[in-house]
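First to last, the protein sequences are chains A and B. Using this note's numbering, the final residue of the first sequence is 277, and nothing's skipped along the way. Using this note's numbering, the final residue of the second sequence is 289, and nothing's skipped along the way.
Just so you know, not all the hints are guaranteed correct.
[Unchecked claim] Simulated restraints, written as ranges between beta carbons of each label pair:
(1) A:49 with B:223: 24 to 30 Å
(2) B:232 with A:248: 42 to 48 Å
(3) B:111 with A:39: 29 to 35 Å
(4) B:193 with A:169: 28 to 34 Å
(5) B:147 with A:268: 56 to 62 Å
(6) B:264 with A:39: 25 to 31 Å
(7) A:77 with B:197: 27 to 33 Å
(8) A:151 with B:197: 55 to 61 Å
(9) B:116 with A:46: 30 to 36 Å
(10) A:277 with B:116: 20 to 26 Å
[Unchecked claim] To be clear about the criterion: a stretch of chain A counts as covered by chain B if any three or more of its residues have a C-beta under 8 Å from a C-beta of chain B, and this derived list gives those stretches:
(11) 30 to 36
(12) 52 to 62
The set of hints was computed from the structure by calculation and includes no laboratory data. Yeah, the Cβ is synthetic: ideal placement off N, Cα and C, and Gly gets one too.
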Amino acid sequence: MSTASLDHDAVREQIPLYAVGALPPDERSVVETHLRGCAECAAELAAFAAVSGALAQIVPPHEPPAALRARVLGAATVIDRASTRRPIGAWAPWLAAAAMLFIAIGAGFYAAALRAEVRLLQAQLRVALDRVTDGERRVAVALRAAADAESPLAVLTAPDVRRIDLAGQPVAARASGRAFWSRTRGVVLTAANLPALPPGRTYQVWFVTSAAPVSIGLVKPDAAGSVRRLVDSRGDFPEPVAVAVTIEPDGGVPAPTGDKYLVGAAQ
Amino acid sequence: MWLAVLSTVADASAADADRFALQRMVRGDPDALAEVYDRHGRLLYSLALRIVGRQADAEDVLQEVFTQVWRQAGRYDTSRGTVAGWLVMLTRSRALDRLRRERGEAPAADVDWASIDVVDPGAAVDLRLVTAQQAARVRAALEALPEPQRVPLELGYYEGLSQSAIAARLGVPLGTIKTRMRQALLRLRDALAEDAS
Numbered sequence: 011m012s013t014a015s016l017d018h019d020a021v022r023e024q025i026p027l028y029a030v031g032a033l034p035p036d037e038r039s040v041v042e043t044h045l046r047g048c049a050e051c052a053a054e055l056a057a058f059a060a061v062s063g064a065l066a067q068i069v070p071p072h073e074p075p076a077a078l079r080a081r082v083l084g085a086a087t088v089i090d091r092a093s094t095r096r097p098i099g100a101w102a103p104w105l106a107a108a109a110m111l112f113i114a115i116g117a118g119f120y121a122a123a124l125r126a127e128v129r130l131l132q133a134q135l136r137v138a139l140d141r142v143t144d145g146e147r148r149v150a151v152a153l154r155a156a157a158d159a160e161s162p163l164a165v166l167t168a169p170d171v172r173r174i175d176l177a178g179q180p181v182a183a184r185a186s187g188r189a190f191w192s193r194t195r196g197v198v199l200t201a202a203n204l205p206a207l208p209p210g211r212t213y214q215v216w217f218v219t220s221a222a223p224v225s226i227g228l229v230k231p232d233a234a235g236s237v238r239r240l241v242d243s244r245g246d247f248p249e250p251v252a253v254a255v256t257i258e259p260d261g262g263v264p265a266p267t268g269d270k271y272l273v274g275a276a277q
Numbered sequence: 093m094w095l096a097v098l099s100t101v102a103d104a105s106a107a108d109a110d111r112f113a114l115q116r117m118v119r120g121d122p123d124a125l126a127e128v129y130d131r132h133g134r135l136l137y138s139l140a141l142r143i144v145g146r147q148a149d150a151e152d153v154l155q156e157v158f159t160q161v162w163r164q165a166g167r168y169d170t171s172r173g174t175v176a177g178w179l180v181m182l183t184r185s186r187a188l189d190r191l192r193r194e195r196g197e198a199p200a201a202d203v204d205w206a207s208i209d210v211v212d213p214g215a216a217v218d219l220r221l222v223t224a225q226q227a228a229r230v231r232a233a234l235e236a237l238p239e240p241q242r243v244p245l246e247l248g249y250y251e252g253l254s255q256s257a258i259a260a261r262l263g264v265p266l267g268t269i270k271t272r273m274r275q276a277l278l279r280l281r282d283a284l285a286e287d288a289s
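In isolation and in its complexed conformation, chain B is listed as follows (with noise of 0.2 Å):
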C-alpha cells in the first residue's frame, strides 16, 4: 500500500518536473528537452515502434515529435492535462500519419490532440497518463476481449486503419465493426475505472 502511495507521489512530482521542463523549453533551453527525453523516450520509442513496425521509422517519429515539442512548448496549455499525455498523443499522431502515408492515404484522419488543445480551450480532454496498475488491468482487459472485438480494435488503434478499411480487411459489414469497437471500449474503460483497492 505504501508502495501505491509512493508511486503516485512520484507520479504527480513528475508531472510537476515535465511543465517545469515545458516552461523552460519556452525560455529556449535545451537541457529540459533532454530531461524530458529521458523520462518518457522510453515509452514514446515503444509506441512508434508498435504502431511503424520499423526501427529506423520509429526513431524518426520520435525525432518528430521531440521537433514538435520543442517548438510547441508555449503552446501547450499544461491546466488541460500531462505533458506525458501530449507526448503520447503526438507521438501516435506522427506514427499513424507515417503508416497512412505509406498507404497512400491522406494524413491526420485522427483526433488532433495538440490542435484541439491549441484551438478550442473549452473541450475537455483528459490526457492524463494511467498509472502503471491501471494499465496493466487495461492491458489484461485487452488481452481477454474475444478476438472479433479486439483484432478491429487493434487494427484501428495501432494500425490507423478507418472503420470501413478494417470491415473491408476482416470481411465483416460496416455496422458490425462499429458495434464491435465500442464494445471492446466500454471494457476497456470499465476495467480502467475499476477501483485497485
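Bound conformation, chain A alone (with noise of 0.2 Å):
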C-alpha cells in the first residue's frame, strides 16, 4: 500500500470534523493538501459541508431587533469600499507631484491661450481683464471637468485607484509594466519593453476575472517598446484577480489565445 493511499485513508476520516472546522490547524493543511488533488475526499467534503449548513440553520429562531436594521446597513455601506480596500501608500507623494506636474502643463497651455487673446483685445483692455477673471474660471471648471472625465490623470488620482505590476513572462522576460485600475475612471495601462509587433498583430489587455477574461483593449507600443495610455475609462469592469497581455491577431478577440507577455495578480 501507497503512503498516498495510506494518507487517503487518514485524510478522509478527517473530512467530517474538517467541514465543521473542528481540527487543528497543522492537521487542517494536511487536509486541505490532500483535497487538492482527491476528488473522492472533495465529493465527501460537499457532503459534510452542506451538513455543517444545515448545523448553522437549525438552531433556535430569534426576530432580530427593529432598529438593527438600519444599524446593520448603515455601518456596512457608510465604508467607502475602495478606500479601504488598498490604501495608496508609499507612492501617494509621487500621485501628487504627477498631478501638480499635468495641472501645471495645463494651466499653462491655457494661460497662454489667453494672452493671445488679450493681444487680439488691447484696444478693449477693461474687457479683456474680465475674461481673463473668466478664463481662470473656465481653467478650474475644466480642470474638474478633466478630472471627472476620460484621463489618465482622472484615473491616477482617482482615491479608489489600484496598481497591479506586471511581470515579463518567458516570451518577453525583460518587459514589464503595471496596471492602474479605478472603479469609477477606468484603466490605465504603462509598459517598458515590449517585443515589437510582427504585421498583423495586436497585443490585447484582459482582466481576469473570478468569471472568464474580459477584453480590456488593444494596445500597440511605440518604436522603444513603451506603451503610456488609457486603454478604457468605461469604469464597469469586474473586479480583476489578475491582468494580462497577450498578443493576437489585428483586431482582437473575444476570448484570449495567445502568448502571455506580461502577467500581474491584483492582490
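Dock chain to chain to rebuild the complex, using the hints, since each chain is given by itself in its own frame.
Here it is in C-alpha cells:
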C-alpha cells in the first residue's frame, strides 16, 4: 500500500471534522493539501459541508430587534469599499507630484492661449481683463471636468485607484508594466520593453476575473517597446483577479488565444 | 407534494435574487444589501445569538457580516454555492471569532470558507442552504444522538472549542472525542441525505 493511499484513508477519516472546522491548524493543512488532488475526498467534503450548513440553520429562531436593520445597513454601506481595500500608501507623494505637473502644464497652455486673446483685444483692455478672470474660472472648471472625464490623470488620482504590477513572461522576460485601475474612472496601462509586433498582430489587455477573462482593449507599443495610455475609462469592469497582456490577431479576439507577454495578480 | 415543488421553486428564485443582489452591491446599490438582510437577517441573527449568547454581541456580529458582504461582494464566486450559504458561514465564523477572543484564543481556528473561495477556486465547497424538510430531519437526528456524541459536536460547532478543549472539559480522552464527533456527523449526513419521498 502506497503512502498516498495511506494518506487518503487518514484524510478521508478527518473530512467530517474538517467540514465543521473542528480540526487543529496542522491537521487542517494536511487535509487541504490532500483535497486539491483527490476528487473522492472533495465529494466527501461536499456532503459534510452541507451538514455544516444544516447545523447552522437549525438553531432556535429569534426575531432580530427592529432597530438592528438600520444600524447594520448604515454601518456596512457607509464604508467606502475602495478606500478600505487598498491604501494608496507609499506612492501617494509621487502621485501628488504627477498631478501637480499635469495641472501646471495644463494651466500653462491655457494661460498662453489667454495671453494671445488679450493681445487681440488690446483696444478693449478692461473687457479683456474681465475675460481673463472669466478664463481662469473656466480653467478651474475645465480641470475639474478633466478629473472626472477620460484622462489618465483622472484614473491616477481616483480615490479608488489600484496598482497592479505586471511581470514579463518567458516570451518577453525583459518586459514589465503596470496597470492602474479605478472602478469609477477606468484603466491606465503602462509598459516597457515589449517586443515589436509582427505585421497583423496586436497586444490585447485582459482583466482575468472570477468568471471569464474580459478584454480591456488593444495596445501597440512605440518603437522603443513602450506603452503609456488610457485603455478605457468606462469604469464598469468586473474586479480583476489578475491583469494579462497577450499577443493576438489585429482587431483583437473575444477570448485570449496567444502567448502571455505580461501578467500580474491583483492583491 | 405541490407545496414541496412550490417551495423548491421559491428557493431557486430566492437564490437567483441573492446572486443578482450581489451584482448590484458591486455596483454600489445599498438597496441590494437591504434586500439580502430582509431575506436572511432573521436566520443569521438567530445563528449569531445561538453562538455568542448575548443580544448585543449577536447584533455586532451581524454588523460585521454585512459590512464584509458589502465590501467583498465582488469577490464571492456565486457559481460555487449560494449567497445564503456564504452568509451563514461568515456569520458562524465571525460569531466564533468573538467567542474565542473572549476566551483569549487566537481567532479563525475554523475553516475559512470565504478565503477558500477567493484563493482556491479548485476546492469543492458546497454551501447550499438546506431545505426546511432537510433541516427538520437534521434537527431530529441531532436531538436523537446519544449525549456522549451530541455534546462534543455542539461544543465544537456552536462554541468553537477545539477537540482538546472539549476532551479536557468532558474529561474524556482526545481520541474518543474525535471518534464520537465523527460518528455524530456521519449520522447527521445520513439524515440529510435521506430521500424525503
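Now the hints, each set against the structure:
1. Here the CB-CB span from residue 49 of chain A to residue 223 of chain B is close to 26 Å, well matched to the stated 24 to 30 Å.
2. Taking the beta carbon of each, residue 232 of chain B and residue 248 of chain A are about 43 Å apart, inside 42 to 48 Å as hinted.
3. The given range of 29 to 35 Å is respected by residue 111 of chain B and residue 39 of chain A, whose C-beta atoms sit roughly 31 Å from each other.
4. Remark: the range hint 28 to 34 Å for residue 193 of chain B to residue 169 of chain A is upheld by a beta-carbon distance near 32 Å.
5. For residue 147 of chain B paired with residue 268 of chain A, a C-beta distance near 59 Å keeps the hint of 56 to 62 Å intact.
6. Take residue 264 of chain B and residue 39 of chain A: their Cβ atoms lie about 26 Å apart, and the range 25 to 31 Å holds.
7. A C-beta distance of roughly 31 Å is found between residue 77 of chain A and residue 197 of chain B, which places it inside the suggested range of 27 to 33 Å.
8. For the pair residue 151 of chain A and residue 197 of chain B, the beta carbons lie near 58 Å from each other, so the given range of 55 to 61 Å is met.
9. Under the hint 30 to 36 Å, the C-beta atoms of residue 116 of chain B and residue 46 of chain A, about 33 Å apart, fit the expected range.
10. In this structure the hint that residue 277 of chain A and residue 116 of chain B lie 20 to 26 Å apart at CB holds, the actual value being about 25 Å.
11. Counting residues of the stretch 30 to 36 of chain A whose C-beta sits closer than 8 Å to any C-beta of chain B gives 6, which meets the bar of three, so the coverage hint holds.
12. Under a criterion of three residues with beta carbons nearer than 8 Å to beta carbons of chain B, the stated coverage of the stretch 52 to 62 of chain A is upheld, 10 such residues being counted.
Violation of the numbered hints given earlier is absent; every hint is satisfied by the structure.
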